Amino acid sequence: MGLYRAIFYRLVLAVVTLLLLSIIVFAGCQILPGDVGRAILGPFADARAVAALNHQLGIDRPLLVQYWSWITGMVQGNMGMSYTYREPVAPFVIQAMLNSMKLAAIAFVLVVPLGILGGIVAALKANSWIDRTIVIAGLSATVVPEFVSGIVFIMVFSIWLHIFPLTGTAPHHAGPVTQIYYLLMPSIPLFMILFGYIARMARAGMIEALNSDYTRTAVLKGLSRRQVIWRHVMRNALLPTITVIATQCGYLIGGLVVVETLFNYHGIGSLIFSAAKAKDFPMLAAGILVIGTVYVSVNLIADLLYSALNPRISFGGSR
Amino acid sequence: MLDALTPMQDATAAALDVRDLDIAYRVRRRDRQVIRGLSFRIGQGETFGLVGESGCGKSTVALAVARYLPDNGRVRTGSIHIGGADALSMQGEALRQFRTRSISMVYQDPGRALNPSIRIGAQMAEVFEVAGVPASERMGKVEAILNRVRIVDAGRVMGRYPHELSGGMLQRVVIAMALAVDPTLLILDEPTTALDATVEAEVLDLIETLRAEMGSSVLFIGHNLAVIRRMCARVGVLYAGTLVEEGPTREIFSQPRHPYTVGLLRCLPRPGLSKHQTRLDTIPGFLPTSLADVKGCVFAPRCGLAQDICRTTEPPLIPVSEGRVSRCHFHEQAPDLPRTTPPAPPTDRKKVPAFRPVIRADNISKTFGNAAAPVYALRDVSVEIWPGETLGLVGESGSGKTTLAKLLMGLTPPDPNAIIELNGQKLAHLATARQPAELEALQIVFQNPDAALNRSQTIRGIISRPMKKLGGYRGAALADKLRGLMSHIRLAERYLPMRPRQLSGGLKQRVAIARAFAGDPRIVVCDEPTSALDVSVQAAILNLLADLQAEQGVSYLFVSHDLRVVRYISDRIAVLYLGRLMEIGPAEAVFNGPHHPYTESLMAASAAEEASGQLRLKGEIPSAMRPPSGCVFHTRCPRKIGTICETTEPELVQREGDHGIRCHLDLDQMGRAVTIEA
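Residue numbers (the working numbering), protein chains in the order written: chain A, 1 to 319; chain B, 1 to 678.
Everything labelled a hint here was simulated from the structure, so no lab data went into it.
Computed from a predicted model, the values in this text were never measured in an experiment.
C-beta atoms are modelled at their ideal positions from N, C-alpha and C, and glycine is treated no differently.
A couple of the hints might just be wrong.
[To be verified] Here's a subset of chain A near chain B, in silico, CB distances under 10 Å, partners left out:
| hint | residue |
| --- | --- |
| 1 | 5 |
| 2 | 102 |
| 3 | 158 |
| 4 | 214 |
| 5 | 217 |
| 6 | 221 |
| 7 | 227 |
| 8 | 311 |
Chain A extracted, bound-state conformation (with noise of 0.2 Å):
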């Protein structure tokens, strides 16, 4: 009983940060600087133009009607018109994230095990030289921002070496390998950046795992060292991982931003980043909120998961 709870109530708990975000994001939009019809129309647009284009997306209405209307609309699927391209905001949303979710997915696949798999090798061999290599390369490659080794990735191996396509975005109507193949490149930079994140807590949560009583019982039992490590240690040694791969998923949907425009592909990252400059409100909060969405979706999943394999989280605090 207290499982279904603590789901509605962490249901609940999501809602109200969704909510909170959308507040957020709408006063965000009013504070950006600029005259939204002036910015469609133009510098030398008339002044009554403007007034009257104003009026016709409706933001010369008070504040609290134009929240309410965008949220309520939100709630019923209907995001609102871009501004820029007087169209409806969803498809371009959904399909922007679509292509994100592909090239994320393609990362994910790429980052999770080996992170994982580099952590646990580090763990194993601790102090080792195999050991400082992984810790030294993943945080090396952590602190080299994604513009960089994205720009020498595609100098390297699109321009010198031509292995790779320069952009992300494959042909119209390509198969699904020919997608991965024009993805994989963009999520290298992607990789070279939570490879360390995770790895790093993999090794620690190893660390702590082979230095634990329980694990000594197992030795002691007279258990063989791969039957100590494939039931004993990673269990325990991973659950904490789970936590940051979550935030880290978040990580990936939102803070695409560079590489995707780095690489010309049509994400939710370079839609928001378009979307800003362009001004266009409808389809940046759309954009925020779609993200905000999909990060808090993904850490309450990752909760769930979290309990659901440690055994003493039990929901609801009893015995």
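Chain A is fixed; fit chain B onto it per the hints.
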């Protein structure tokens, strides 16, 4: 080809034979010696105790025997034979087989010894898996071995995760697992230190019974002399990695022949001893920081008998009598070791004619949780503490001791209607609402000074902060006050610029006490202040507390699970069970009886450290969420008289003088626990 891999075992060989063992840890590229020249032997079916204070190397010995030294630990010279097989030369598969069949180990914290994410049954089954038992028979064997350690509902326990079981239950599981394959040697490393006294008594009984049934050979490692005395036939006393005395336990404890053993035994408050009779003796000084620099006897710098020869020539193990050795040049004089503290108790009491208690807590209840599932941590507890008096607070974990201490301190609010008065003035329930003078008057010393002292501050900062914040001292006045306090606490001024991590556990606790006495407290709550300390340090801290009380007329609320310590320091005793005050009265009356059946059981458990066959409390303390009806103790009471106990909660009735007992029994029907004279 398994036979070739199985270590050669000789049924007639000693279970454990350690010779000239020398172990060092590699710290910052230098070897730090921790065990030197250690030799001892455990015969088949024998129980050998290794006793010593923290840092003496006893756990290192256990780990070396189990071949589980940390990566930086190394056996430099010497040998370890188990059942005749050379343990140190084993590698790979042979080592695994050796661990499977020859040794088992039980250590201090059973909650950490078991994997938190695997069910009990599955963890235990692994023992049989490595022993080659077919999968279909394993669970049956697990159940059988759980029954053997007196776990009644074995099937249910097997389906549980470790966190769902109590400490006592977990330790039984660990013991069951250790004995499952009938090992050549069983190592018990402080197996009951983390348990309540009542649970400890049960676990010790169990170990004793099983040992007798199975004829196991046991290496028992501990710091609790009373437990060692009860459990072990022979004992070795370890000091700074060196075996200083060895022989039959009863002889060694009754006629110690090494000054360290003598000192250790004198540090313990004897049963029934009180602070008004005599000061505890202590062992001055500290363990040597480096064994490499020691010339002569390791104990010489702290020894009251040391002569020139002791500082130059290391004594060998000198035979004292049949089967007894002592590493002391003057072992014959050891019993006459001069005291390091004057025996006379502090007398210059600043006796104030008291006309009202310094603190009075009336009608205190504390309910946790919500209205649907209330947890009664405390129910209608009323206590008062008079000036210059110590009220000892005892009870098992979960009885509400710490909650009461926290409520008085204002760290957590009691239920409404509670009254807390300081010198007749009503106190706000929360510390944040109390006046600076009131905060100053009410101070606390915690169990673990490591956690209680701010690591990033100097000792000067820690102690002077309350003087500045609460007393308003500044400049020269502050310096004077600080110097005065340091001399009271017997803390050298050279420690002032240091930080907590640079001090030993005992010194840290002294700083914590100094902090509490920085204002001019009227009452200090001492929450298990010596539980984390070694006995020699404990004795010094108890002396200090008694001295400070005599000098300053301060009162203590002293929370402890160690009945002898409570008896020593307390003038009156309060006994809590499931948040109810079961008994309260003068220390002598409560201890000598007749007492409440719960108090009787607690005392029996304490005495059980030394002897078996005492009255036992059955089962564990019930959950405070579902306290038993009527008298909350009736489910475990050894003297229950009938249905009245299940239906009606007895009143706390004054029996003789101010000795109150909450029980349906008449005074002459109550028992007296047998106290064992040292």
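Each hint tested on the structure:
1. Given hint, residue 5 of chain A at the interface with chain B, is violated; its Cβ is 12 Å from that chain's nearest Cβ, farther than 10 Å.
2. Among the interface hints, the one on residue 102 of chain A is violated; its C-beta lies about 35 Å from the nearest C-beta in chain B, farther than the 10 Å criterion.
3. Taking 10 Å as the C-beta contact cut-off toward chain B, the hint placing residue 158 of chain A at the interface is violated, the least distance being around 47 Å.
4. Taking 10 Å as the C-beta cut-off, the interface hint given for residue 214 of chain A holds, the closest approach to chain B being about 4 Å.
5. Here the hint on residue 217 of chain A is kept, as its CB sits about 5 Å from the closest CB of chain B, short of 10 Å.
6. Annotation: residue 221 of chain A was flagged as interfacial toward chain B, and the flag holds, the nearest CB pair being 5 Å apart, inside 10 Å.
7. Of the supplied interface hints, the one on residue 227 of chain A holds, with its beta-carbon coming within about 8 Å of a beta-carbon of chain B, less than 10 Å.
8. At a threshold of 10 Å, the smallest CB-CB gap from residue 311 of chain A to chain B is about 4 Å, leaving the interface hint in force.
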